[in-house]
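**Q** Going down the list, the protein sequences come from chains V and B. Position in the first sequence (from 1) plus 395 gives the number in my numbering. Position in the second sequence (from 1) plus 395 gives the number in my numbering.
Bear in mind the hints are in silico, worked out from the structure with no lab data behind them. Any given hint could turn out to be false.
Claimed, not checked - If the Cβ cut is set under 8 Å, some of the chain B residues that face chain V in the computed set are: (1) 403; (2) 611; (3) 612; (4) 642.
All residues carry an ideal CB built from backbone N, CA and C; glycine is no exception.
There are 2 protein chains.
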Amino acid sequence: MDNFTFFNPTQFVFGRDTENQVGAKMREKGFTKVLIVYGQGSVVRSGLLSRVRDSLQATGIPFQELSGIVPNPVDAPVYEGIRLVREYGIDCVLGLGGASALDTAKAIAVGALYEGDFWDFYAGKQKVENALPIISIPTISAAGSESSNSSVITKESIPLKRGIRSESIRPKLALMNPELTYTVPAIQKAYGVADIMSHIFERYFTNTADVSLTDEMCEGVLRAVIKAGPKTLFQPTDYASHADIMWAGTLAHNDTLSTGRQQDWSCHGIAHGISARFDAPHGAALAVLFPYWMSHQMQHDVPRFQRFALKVMEVPEGSSPEDTAKDGIAKLRTYFDSLGLPHSLKTFGIEEKDLDQLVKDVGYNPQGEIGFFKPLKPEDVLAIYQAALA
Amino acid sequence: MDNFTFFNPTQFVFGRDTENQVGAKMREKGFTKVLIVYGQGSVVRSGLLSRVRDSLQATGIPFQELSGIVPNPVDAPVYEGIRLVREYGIDCVLGLGGASALDTAKAIAVGALYEGDFWDFYAGKQKVENALPIISIPTISAAGSESSNSSVITKESIPLKRGIRSESIRPKLALMNPELTYTVPAIQKAYGVADIMSHIFERYFTNTADVSLTDEMCEGVLRAVIKAGPKTLFQPTDYASHADIMWAGTLAHNDTLSTGRQQDWSCHGIAHGISARFDAPHGAALAVLFPYWMSHQMQHDVPRFQRFALKVMEVPEGSSPEDTAKDGIAKLRTYFDSLGLPHSLKTFGIEEKDLDQLVKDVGYNPQGEIGFFKPLKPEDVLAIYQAALA
Chain V
396 MDNFTFFNPT
406 QFVFGRDTEN
416 QVGAKMREKG
426 FTKVLIVYGQ
436 GSVVRSGLLS
446 RVRDSLQATG
456 IPFQELSGIV
466 PNPVDAPVYE
476 GIRLVREYGI
486 DCVLGLGGAS
496 ALDTAKAIAV
506 GALYEGDFWD
516 FYAGKQKVEN
526 ALPIISIPTI
536 SAAGSESSNS
546 SVITKESIPL
556 KRGIRSESIR
566 PKLALMNPEL
576 TYTVPAIQKA
586 YGVADIMSHI
596 FERYFTNTAD
606 VSLTDEMCEG
616 VLRAVIKAGP
626 KTLFQPTDYA
636 SHADIMWAGT
646 LAHNDTLSTG
656 RQQDWSCHGI
666 AHGISARFDA
676 PHGAALAVLF
686 PYWMSHQMQH
696 DVPRFQRFAL
706 KVMEVPEGSS
716 PEDTAKDGIA
726 KLRTYFDSLG
736 LPHSLKTFGI
746 EEKDLDQLVK
756 DVGYNPQGEI
766 GFFKPLKPED
776 VLAIYQAALA
Chain B
396 MDNFTFFNPT
406 QFVFGRDTEN
416 QVGAKMREKG
426 FTKVLIVYGQ
436 GSVVRSGLLS
446 RVRDSLQATG
456 IPFQELSGIV
466 PNPVDAPVYE
476 GIRLVREYGI
486 DCVLGLGGAS
496 ALDTAKAIAV
506 GALYEGDFWD
516 FYAGKQKVEN
526 ALPIISIPTI
536 SAAGSESSNS
546 SVITKESIPL
556 KRGIRSESIR
566 PKLALMNPEL
576 TYTVPAIQKA
586 YGVADIMSHI
596 FERYFTNTAD
606 VSLTDEMCEG
616 VLRAVIKAGP
626 KTLFQPTDYA
636 SHADIMWAGT
646 LAHNDTLSTG
656 RQQDWSCHGI
666 AHGISARFDA
676 PHGAALAVLF
686 PYWMSHQMQH
696 DVPRFQRFAL
706 KVMEVPEGSS
716 PEDTAKDGIA
726 KLRTYFDSLG
736 LPHSLKTFGI
746 EEKDLDQLVK
756 DVGYNPQGEI
766 GFFKPLKPED
776 VLAIYQAALA
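Kindly produce the complete structure, drawing on both the sequences and the hints.
**A** The structure is reproduced here in structure tokens:
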């Protein structure tokens, strides 16, 4: 186990009708004026936006609104949000909706306290040191943005999808009602399941020794997600499974499962470009890439992939550790198939001729690699993309 | 899953040499003057107290000291600590050592902000609303006090052991170095393992439906503890197992494993009197009582005890669910035996004639019961005590 710092100061209020507590909780925390950041029509149609407005009005908290945030959120609304915060003297940003609204809210919260271009932080030119307090009310279970320390934005003019990480952008308050996720389309629920599982995979595949405690936790949460996932798709008003998936989404990305482990993040790194250039849903890109990433990386640590196969995918012991590992990866792909997830990059309109540019888009470190488990060089990335064109 | 609020704002700094960061971290948090609360000679002999003093002096943070806290901490030092806080204008209390030092530090932090007698909170006459900030540097892995919202103190003049729970007494900062636990005597490490497992048991045995996610987490952490526990006793400088046990002790008691579950706490409730009247180590009392508690409660939910047997104790499936459950309980007792833990109340000098008073000492609710899983009436408590005299 590596030395670690764990700090997760988000206050979670989880369960039915919790969105109605937003005004009261904001007052408790001393926030006085809020910018509500949301996406397209669904939070309006579902009445959620009205309930949030009602709760704020009932407690006398003024608010401004910024709507129209799209999936794979882009930079333009961030600039507009920063302008609103400054014009109205807002002291807190509320992300209402999916990961896009949350990620945009975080970018605004960071940019509002900075005189230059907020993109400096995403481009790695500036380190995030502080941000306005952030509140989250998620309507989809996926990215764990409601309490994570990360945000990903696409700069449209390039286009490049880049992320920031900072303790200062962890939301102070997350109001999480699993019922709000009932009406998410089945395929988006599937993307969410793939995303949640991928967040755990990035932590599970590690070189750190002596991690049996967090291995057990990663495996346990993955098993629970694998069981609950299909229920959320096929029993769209089943509270228990939606609650499991929603809370697992938080645990998967707030480092509860990864204390003292070196994390990898190379598969996310090679998935971002797929979304940026081909508008592929993030969870879909991960669902395609992760099994190929695993096959490519398996030889680096067969026992770990064997353990994954036995304990997470619950396949029977094969004729060799390698066979068991392969069975586990195959069962993961079958599982993703059962949720209707894609299994080829072709799904996104990607062809062989696009791969060179995609390989170049990846955010390599100064050594020209990405990740930590077995760092990927450009030729590894190309090999994974090629396999994933199958 | 029940609705829940989860708030665990402690900043954890975990790993080798982390105690040397105490001054720098205090400064980061804005604390200016600290009362160090510790126990008997071991933190002096080990050099830990010196290192803490050095770190505080290096960052220019003045401190006072309160020493001599004993296991099953009592009320007298709390009054003395409150006096010191007021006399020196102290704004933060550091518990250095075992659960006793931590529990005392919490009582001081609460009492210092209250004009009346601090015992009013423990006697249930006052509700804890605020407290001075608390820092913890634990030297034993057991109670999870380093980040928990609870504190237990014994009033010597009665004697009565009583606890408080409040979000305001969760430490703001916990510096946790597993190496500090190497020199804990083997039997006290065993008490710690029993205590940690008991904290999870109190959460695991629940009537709440649809808790598969947290079931998996409880089971995973219990398996890791069961494996690491003996290593800490028999390989006293093995970092990995001491780190697992130390972090598991935190997870077991900071509600990471119990979000959305109704907890029980009846076994702790009937163990407190054993410690208060017979000076039994808390973990020892729990190690004796929990298997008998389980046997007594098994019929209330055989499938849960069966699941416990299969997934936590990893016994083979028996000829009936009940047999499997019994095998699991028997294996738990064998496991506790292997750590040198006692299995009879006689160990503490308790005789049949003492039981009536012990049954009366229990803190029943207004309905004359204790716990939630299957609430215990006085006759249940007597039956468990009688069985545990075997």
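**Q** Among the hints numbered above, which are violated by the structure, and what are their numbers in rising order?
**A** Those not satisfied: there are none.
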